[in-house]
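Participant: Line by line, the protein sequences are chains A and B. Going by the numbering used here, the first residue of the first sequence is number 65, and it counts up by one from there. Going by the numbering used here, the first residue of the second sequence is number -4, and it counts up by one from there.
In short, the hints are calculated from the structure, not lab data. Glycine residues also receive a C-beta, built at the ideal position from the N, C-alpha and C atoms. Among the clues, some could well be false.
Label pairs and their in silico Cβ distance ranges [stated by the list, open to error]:
| no. | chain 1 | residue 1 | chain 2 | residue 2 | range |
| --- | --- | --- | --- | --- | --- |
| 1 | A | 163 | B | 73 | 38 to 46 Å |
| 2 | B | 48 | A | 255 | 29 to 37 Å |
| 3 | B | 58 | A | 566 | 19 to 27 Å |
| 4 | A | 146 | B | 222 | 30 to 38 Å |
| 5 | A | 162 | B | 81 | 37 to 45 Å |
| 6 | B | 110 | A | 575 | 52 to 60 Å |
| 7 | B | 58 | A | 297 | 57 to 65 Å |
Here are the chains, one letter per residue:
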Amino acid sequence: MIRAPGAPALRLALLVACLLAASGAGATAPTAPGLTYRIDARLDPEARTVTGHLHARWVHPGGAPVDALLLHLYLNGFDSNRTTLMTELRLDSWLERHPDGGGRIDLATLRVDGRDRLAALEYVRPDDGNPDDRTLARVPLPRPLGAREAVELDIDFVASLPRVLLRTGHAGPFFVVAQWFPKLAAFRAGAWRAHQFHAASEFFADFATWDVSLTVPAAFVVGHTGVATATHDNGDGSKTIEVHAEAVHDFAWVADPRFQVIDRTIAGVPVRLLVQPHHRLHAARYLDATRVALERYAEWIEPYPYPALTVVDPGPGARGAGGMEYPMLVTVGTSRWLPAGVRLPEVVTIHELGHQWWYGIVASDEVEEPWLDEGINRYVEGRIMDATYGPGSYVDWLGLQVDSTALARWSYLEDGRWDPVTTASFRMLDRDSYVATAYNKTALVLGTVAGLFGADPLLAALGDYARLWRFRQPTGADLRASLANSLGPAVTPVLDQLLDGTGTLDYAVARVDVRRVPTPAPRPGGEVPPPEPARFRSEIVVERRGEVRLPVEILVAYDDGSQTRETWDGQSRWYRIDAVSTRQASYAIVDPDHRLPLDADWLNNSRLRDPGTRGIWRLAARWGIWLQSALMGLSGL
Amino acid sequence: MIAAYLAGARLALSRWALISILWLITAAFGVAFALAGATWLGDALDGAMATKSLLHHVDVQVLIDLWAHHREGLRMLLVLAAVLAVGHTVLWWWLDGVIVAAVLPSGDGFWRRGAQLAPVMARLFGIGVCVWLTWSLLIGGAAWGLMRLTQDSFTAHVWEWIGGLAAALWLLGTAWLIAAHDQARIRAALSGSGAIASYRWALGFVGFGGERAFALALLLQGSGLGLWALYQAIGLALPLTELIGLTWSILWGELFLWLRAFGRVWRLAAQRKLQ
Chain A
65 MIRAPGAPAL RLALLVACLL AASGAGATAP TAPGLTYRID ARLDPEARTV TGHLHARWVH
125 PGGAPVDALL LHLYLNGFDS NRTTLMTELR LDSWLERHPD GGGRIDLATL RVDGRDRLAA
185 LEYVRPDDGN PDDRTLARVP LPRPLGAREA VELDIDFVAS LPRVLLRTGH AGPFFVVAQW
245 FPKLAAFRAG AWRAHQFHAA SEFFADFATW DVSLTVPAAF VVGHTGVATA THDNGDGSKT
305 IEVHAEAVHD FAWVADPRFQ VIDRTIAGVP VRLLVQPHHR LHAARYLDAT RVALERYAEW
365 IEPYPYPALT VVDPGPGARG AGGMEYPMLV TVGTSRWLPA GVRLPEVVTI HELGHQWWYG
425 IVASDEVEEP WLDEGINRYV EGRIMDATYG PGSYVDWLGL QVDSTALARW SYLEDGRWDP
485 VTTASFRMLD RDSYVATAYN KTALVLGTVA GLFGADPLLA ALGDYARLWR FRQPTGADLR
545 ASLANSLGPA VTPVLDQLLD GTGTLDYAVA RVDVRRVPTP APRPGGEVPP PEPARFRSEI
605 VVERRGEVRL PVEILVAYDD GSQTRETWDG QSRWYRIDAV STRQASYAIV DPDHRLPLDA
665 DWLNNSRLRD PGTRGIWRLA ARWGIWLQSA LMGLSGL
Chain B
-4 MIAAYLAGAR LALSRWALIS ILWLITAAFG VAFALAGATW LGDALDGAMA TKSLLHHVDV
56 QVLIDLWAHH REGLRMLLVL AAVLAVGHTV LWWWLDGVIV AAVLPSGDGF WRRGAQLAPV
116 MARLFGIGVC VWLTWSLLIG GAAWGLMRLT QDSFTAHVWE WIGGLAAALW LLGTAWLIAA
176 HDQARIRAAL SGSGAIASYR WALGFVGFGG ERAFALALLL QGSGLGLWAL YQAIGLALPL
236 TELIGLTWSI LWGELFLWLR AFGRVWRLAA QRKLQ
């Protein structure tokens, strides 16, 4: 059912949800007293700016005194073609081609505990020293701040939104307003932990409590992090929406007068889908994928803890805003002509909703350890897709079937050899390596762990990890410790090999030979031995071609239809199976159940004693016919 | 137009032996490529289970591993395909002449007559390809320019509209150019005029609606498309590899290619009736 925005039923639902959240009766998200934000913001669609006032209060959580605050000013990444972001994106002329493309954030005032500190602000570039990058700023404090002491920050700012290129900005009347205000960096282990804005990295910040008022033209439909507590008609063609959010570490919002609003309660969660009119046909696909994700996560990991969820379909020309996660709000994406068998809207929705757990609730550092959110999320997304849509879960079209493992292997084999999984996002070779490694290699690593320790135990272990670290900021070491606790210490050397290096995992069947065992020659003058049935020596040699050593199963099939399985620890370079019997080996397969999906070459995992030719000829004949057909077309031109 | 359409079909049927030879010649190129493909696949698969499993199921994982670990061989296969395409094109300059000569009223000695026509057919092919490439570049360039112009547009589907319109125009223009090319081939054989003169005449003939030449060409090309759709529909409805086996699967594919050769002769036979 599609309803106009602000319909009474929706308001009532949100109010109830908000009251529940405030009373703690139905919400499981804790408050975060250490950091609070109060932001008043006004969107000017013509100027494409957001003018705002920010008031933040931060309590030093403990440790040595600090003498400065660190602020993310990530919109400045779009300020010129020489920023770190634009340099890494290799978009030297993009701003020339798009005069409305640039973005920046200007601070009009900056007061710390009431004292003007704007002049003291200095830009810092810890990652690359790029003098043209102003995405990270240091604000010296008037006096060192001791443990448990609070500091208050007041900033007037103007955020000029870029044309949508990457995650934030405007595209016609569509606005996705993210990384739009001066945001305090994360404070961990007695120090600020922050990085400049990079092309291949996302975000990291501390949990906070938020009260945000958003003023927009009355015709705009708005979606946001948090829950709307009130909406005022300002009588001047604008409206103001008051929003409250708790236990989230970022605040993003979207606005577009064209949005169609679809409200549903899915798996007990009030879900609002903001869909573009030309994608309305795909609303059911978005909603079904939302249901699948919420139900599976509730079953496998833990239920969605927040009182609302917004799913956003970006406007035309805003593809760069799609497929992105923010707390309680995700952006998705589709194309009107996409066939049902190409499950792009489903996978984007399930992936981005997965980030509500891996990034949102379990708030690991997306910049320094992207594998913790992207990799785990990619793995669970694959499990959900495969379990829901079966073989061909990602693509099932024109006879082509692609599932999660095939997609992950494709990416890993193309670009996943450069960096260890544990590399910081912006330290990786390039964006291709980032995607192949942080997303897909990690998913294959987890798939391999699932193969060795069991798929269900691994999901249960990830659930343990999520519950242990909910609303906290774990590191890779915390994940390893949690998995070792859940799966046993044997998982540690496996993870160490797969996560910390670039060595490959590749087992191969090198040889399948069968020789007849000779009958004993009669001794001179001796008795002729009695005749016995023919006996054969089947020799199977399995080889470890990569550096990674993991136990692996070997299947040997015999000509009488029988099979044997045995496990090799994978420590040596090769392993031989010698079997003498009346049967002959037909073929051997190493890792017959694909329990090691990280194996780099599945073709060499099997060997037939007498290779077939019919399969080869089927494919080759098809190629021949295709070529013939193409040549006929060419000559008929 | 309909009379020419039907008469062309009758004439083409009477030339079934020629059609079979044309099909065999093209099939030789297909077989050569299939042999090379099979050799490469045999090498790459190296006795793996896929040498058998591919018969029943083309697993995407096999394709991924072939691409990831054996792509150099795959590239060589593409080079071979390009070489075969060049050889096939050159051979068909002669065979085009043979087909045109075979559908002329005095259709005897068409193999020899085809050889005499080969040079003009080659020149016509060159002109035809140049004109077609120009047309493709024009349409492609216009579409690209419009997309650049509208890159700041936030209207839904604007690129789809531009792309769809460009594709439709390109297809229509290509069909028109094929009609002109066919008429030029027939003209060159009938009048003995040169390639440029024949092509110029054919452009005017098809362009000014001579004897409904373009309508007939569309009907013939549409028939070919219909044949292809029918073939695909039957092919999808029949699980060939399970029911009938590999040999019949290949023969089924070759039957379609025989029909394409038939369509080629039919096209020229029918269009000859207009001159």
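Participant: It remains to establish, for every hint, whether it holds in the given structure.
Facilitator: Now for the hints, and whether the structure bears them out:
1. A:163 / B:73: 38 to 46 Å: holds, 43 Å
2. B:48 / A:255: 29 to 37 Å: Violated - the Cβ-Cβ distance for residue 48 of chain B and residue 255 of chain A, about 56 Å, lies outside 29 to 37 Å.
3. B:58 / A:566: 19 to 27 Å: holds, 25 Å
4. A:146 / B:222: 30 to 38 Å: violated, 59 Å
5. A:162 / B:81: 37 to 45 Å: holds, 44 Å
6. B:110 / A:575: 52 to 60 Å: Once the Cβ atoms are compared, 56 Å apart, the range 52 to 60 Å for residue 575 of chain A and residue 110 of chain B holds.
7. B:58 / A:297: 57 to 65 Å: holds, 59 Å
Going through the hint list in order, the structure does not satisfy hints 2 and 4.
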